[in-house]
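A.B. asks: Going down the list, the sequences are from chains A and B. So the first sequence is numbered by my numbering: it starts at 171 and just counts up by one. So the second sequence is numbered by my numbering: it starts at 12 and just counts up by one.
Among the hints, erroneous ones may be present.
[Claimed, not checked] With a Cα cut of at most 30 Å, we get these calculated DSS-like pairs of lysine-lysine:
1. 461(A) / 476(A)
2. 459(A) / 371(A)
3. 231(B) / 428(A)
4. 371(A) / 387(A)
5. 188(A) / 476(A)
6. 476(A) / 371(A)
7. 231(B) / 422(A)
8. 595(A) / 571(A)
9. 16(B) / 422(A)
10. 461(A) / 510(A)
11. 428(A) / 455(A)
12. 461(A) / 387(A)
13. 476(A) / 227(B)
14. 486(A) / 188(A)
15. 428(A) / 227(B)
16. 111(B) / 259(B)
17. 422(A) / 227(B)
Read the hints as simulated data drawn from the structure, not as lab findings.
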Amino acid sequence: MPQKPPSPGFESWGRYPKLESSIVPLNWTCDFPLHPPPATRMLPVGAGRSYGDVCLLGHGTLLRTRGPGLSGGMDHLLDFDPATGVLCCEAGTTLGEILDFAVPRGFFLPVSPGTKYVTVGGAIANDIHGKNHHVAGTFGRHVPRFELVRSDGTRLVCSAAQNAEWYAATIGGMGLTGLIAWAEVKLRPIVSRNIQYTGIKFSGIEEFLVLSEAHAKSEYTVSWIDCVATGRNFARGIFMAGDHASEPDSLKRSQPAKLMLPVDFPEFLLNRRSVGLFNSLYYNKQRGKIKNTLVDYEPFFYPLDKLQGWNRMYGKNGLLQFQCLLPWEAGQAGLVEILKAITASGLASFLAVLKVFGNVPSPGMMSFPKPGITLALDFPIRQEASFDLLELLAAITLDHKGRMYPAKDATMTAAQFQAFYPQWKRFAAYIDPAFDSAFWQRVTA
Amino acid sequence: MASRKFPTAVLALGATSAIAEATLRLLAERGARFYLVARNQDKLDAVGADLLTRGAAGVATQVMDLDETAAHPAMLAAAAKSLGTIELALLAHGILGDQKEAEASYTAAEAVLRTNFLSAVSLITWLANYFESTGQGTLAVISSVAGDRGRKSNYVYGASKGALNVFVDGVRARIDRAGVQVLTIKPGFVATPMTAHLAQGPLFAQPSQVAQGIVKAIEKRRDVVYLPPFWALIMLILRMIPGRIFKKLNV
Numbered sequence: 171m172p173q174k175p176p177s178p179g180f181e182s183w184g185r186y187p188k189l190e191s192s193i194v195p196l197n198w199t200c201d202f203p204l205h206p207p208p209a210t211r212m213l214p215v216g217a218g219r220s221y222g223d224v225c226l227l228g229h230g231t232l233l234r235t236r237g238p239g240l241s242g243g244m245d246h247l248l249d250f251d252p253a254t255g256v257l258c259c260e261a262g263t264t265l266g267e268i269l270d271f272a273v274p275r276g277f278f279l280p281v282s283p284g285t286k287y288v289t290v291g292g293a294i295a296n297d298i299h300g301k302n303h304h305v306a307g308t309f310g311r312h313v314p315r316f317e318l319v320r321s322d323g324t325r326l327v328c329s330a331a332q333n334a335e336w337y338a339a340t341i342g343g344m345g346l347t348g349l350i351a352w353a354e355v356k357l358r359p360i361v362s363r364n365i366q367y368t369g370i371k372f373s374g375i376e377e378f379l380v381l382s383e384a385h386a387k388s389e390y391t392v393s394w395i396d397c398v399a400t401g402r403n404f405a406r407g408i409f410m411a412g413d414h415a416s417e418p419d420s421l422k423r424s425q426p427a428k429l430m431l432p433v434d435f436p437e438f439l440l441n442r443r444s445v446g447l448f449n450s451l452y453y454n455k456q457r458g459k460i461k462n463t464l465v466d467y468e469p470f471f472y473p474l475d476k477l478q479g480w481n482r483m484y485g486k487n488g489l490l491q492f493q494c495l496l497p498w499e500a501g502q503a504g505l506v507e508i509l510k511a512i513t514a515s516g517l518a519s520f521l522a523v524l525k526v527f528g529n530v531p532s533p534g535m536m537s538f539p540k541p542g543i544t545l546a547l548d549f550p551i552r553q554e555a556s557f558d559l560l561e562l563l564a565a566i567t568l569d570h571k572g573r574m575y576p577a578k579d580a581t582m583t584a585a586q587f588q589a590f591y592p593q594w595k596r597f598a599a600y601i602d603p604a605f606d607s608a609f610w611q612r613v614t615a
Numbered sequence: 012m013a014s015r016k017f018p019t020a021v022l023a024l025g026a027t028s029a030i031a032e033a034t035l036r037l038l039a040e041r042g043a044r045f046y047l048v049a050r051n052q053d054k055l056d057a058v059g060a061d062l063l064t065r066g067a068a069g070v071a072t073q074v075m076d077l078d079e080t081a082a083h084p085a086m087l088a089a090a091a092k093s094l095g096t097i098e099l100a101l102l103a104h105g106i107l108g109d110q111k112e113a114e115a116s117y118t119a120a121e122a123v124l125r126t127n128f129l130s131a132v133s134l135i136t137w138l139a140n141y142f143e144s145t146g147q148g149t150l151a152v153i154s155s156v157a158g159d160r161g162r163k164s165n166y167v168y169g170a171s172k173g174a175l176n177v178f179v180d181g182v183r184a185r186i187d188r189a190g191v192q193v194l195t196i197k198p199g200f201v202a203t204p205m206t207a208h209l210a211q212g213p214l215f216a217q218p219s220q221v222a223q224g225i226v227k228a229i230e231k232r233r234d235v236v237y238l239p240p241f242w243a244l245i246m247l248i249l250r251m252i253p254g255r256i257f258k259k260l261n262v
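Here chain A stands alone, though its shape is the one from the complex:
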């Protein structure tokens, strides 16, 4: 019988797998290394917004840089230089907290993922990307320096010039190289909260690619794609482009989100019919082919943040996320094959995203993005069916020389990971001897 998990429990955003571990909160950078050191292996975690097991360690010790409900933790802002836009903060600071500080001062994040409830440490450890990857590259590219603390107490200030190998290994290093104590983030200036938004309906991958090409100069581009519709509606979607408004306007701080999903939804609620209905409504909400408007940055970047705990929509079993990258050289065949497999399964959720990655190189040794097309979507966990589908999608990805994203993954095999990231052995030399993760155990077994 499994033991009762220590309270409070810790789940990743996908709530799968469920693993027991001890939790040690870190509220100050001087709290680490631990005295005495724990008897188990360790893994730093931030807000727990990774989907799979990259932020989990069964029978291990999780070093939490954020408290439950995002209260407290290593969240001190250490310095800000308005002349350069460089903010230095502790690794447990969330991107939302950076925005609260930066927006009223006329600054914005250099790279924004789909939620602002992630920590800076997590953003570096997964070398996250956003809607501006095609022009700005990954988050790690905008981190000039950070401090890495190893379990033996060694403190390494890392940059492209100083401890450069540790810099490269830690960006995208999945928290395995040591604890990031603080980091510098280079913010970009803005004059308004607003985003000049263009939404364009498309039908099929061809049209998506044409639109991506035509809007390559827009700072932010991303597409929602319908992964349920078949026939003439196959691969329909909405291409969304945005730029920070150039007209000065409000720079006030965001209000905290109030809506919270209070319960786990029953699992039958998300099915082909309900998702298909949602997708049709969403696609047809925009009446014309093209829509131009000014929108606030919150709904543009973080539409789901409005509903706290939205992952409970998938029921208590949780969800699986799949995100792959297919390089240009593989052509469109792989993407079409993947989309067909998904629509055929009928398992897709409405949260499906398609985006073109640019050729700005990532500084991280293990970073996920590279030039090509990325597709990301959620699946509810349905017995064998969901896992069979994920296995098939991974196989297609591998066939077309693509790769999957560890931060979103709970299912790829060791053989697949090692083919996706052949540099993994070189990276392994930088792992802290006292650190480990459930993901790493799985993909190096």
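Model the placement of chain B on the given structure of chain A, informed by the hints.
C.D. replies: The following block gives chain B in isolation, referenced to the frame of chain A:
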């Protein structure tokens, strides 16, 4: 009272506690200057850097264990000198202690009383005279709802806070007429490192919520404030339960 200037010279005792820090951040955004006292220099440095980054006009720090009451007058005089005038003193240090241990051992109970009550008495004695003689100032003391009635689950901590409430009530009655605000802050459950080991129920508030309530209570020159405010109702009900029934309850 809207014309009254909001305090900008702030002495924070127990400045690295979660509620204190959240409160100081709000004051830093208004450009306050700080004298911070706590036990650990590394933590004080982090809090100081954070407040300066958020807009504080100045930060000085002093490392000190506030249990050492003999050193209080020199520290408080140094704070007054550094700030020019102390306009707000926030007492935020405290320990939860271990109820079970304190039931078994007087030494453990005494440690809770010394930190939460006796050290506060020493600080407040000096500060009350200081504020009275300068004819201004806000003395804000973080107590707890636990001081409203002795419960079997935490009466040692509760007694330290209950005694503190009585003491602060008396000080208020004495120096209110000198133009000094004396504020008793009674938070309920707050998600802080002090309570991290407890299961976090729906009654738990975030330190930032409590901090906003503290700043508002200072602005409105309140005497006693429950935070979040619904605790006033919970404690009213708890106080009204007849003792004969209360002693049978598991609260």
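A.B. asks: Below or equal to 30 Å on CA atoms is what counts here, so check residue 231(B) against residue 422(A).
C.D. replies: 25 Å, holds
A.B. asks: Holds or violated: residue 476(A) and residue 227(B), Cα atoms, limit 30 Å.
C.D. replies: Distance ~27 Å between residue 476(A) and residue 227(B) Cα, so the pair holds.
A.B. asks: Quickly compare the C-alpha distance for residue 459(A) and residue 371(A) to 30 Å and report which way the hint goes.
C.D. replies: 5 Å, holds
A.B. asks: Given the hint that residue 188(A) pairs with residue 476(A), test it: the Cα-Cα distance must not exceed 30 Å.
C.D. replies: Distance ~26 Å between residue 188(A) and residue 476(A) Cα, so the pair holds.
A.B. asks: Holds or violated: residue 428(A) and residue 227(B), Cα atoms, limit 30 Å.
C.D. replies: 21 Å, holds
A.B. asks: Is the hinted pair residue 595(A) and residue 571(A) satisfied, with a Cα-Cα distance of at most 30 Å?
C.D. replies: 19 Å, holds
A.B. asks: Does residue 188(A) lie within 30 Å of residue 486(A) when you go C-alpha to C-alpha?
C.D. replies: This hinted pair holds, its Cα atoms lying about 11 Å apart.
A.B. asks: If you draw a straight line from the CA of residue 16(B) to the CA of residue 422(A), is it 30 Å or shorter?
C.D. replies: Cα-Cα ~24 Å, so holds.
A.B. asks: Checking one constraint from the list: CA of residue 422(A) to CA of residue 227(B), max 30 Å. Satisfied?
C.D. replies: Holds, at roughly 20 Å.
A.B. asks: Does residue 231(B) pair with residue 428(A) here, judged by a C-alpha cut-off of 30 Å?
C.D. replies: 26 Å, holds
A.B. asks: Check whether the Cα positions of residue 461(A) and residue 476(A) lie no farther apart than 30 Å.
C.D. replies: With Cα atoms ~23 Å apart, residue 461(A) and residue 476(A) stay inside 30 Å; holds.
A.B. asks: Taking only the CA atoms, is the gap from residue 111(B) to residue 259(B) under or equal to 30 Å?
C.D. replies: The given pair, whose Cα atoms are some 19 Å apart, holds under the 30 Å limit.
Hint check: no violations occur; every hint is consistent with the structure.
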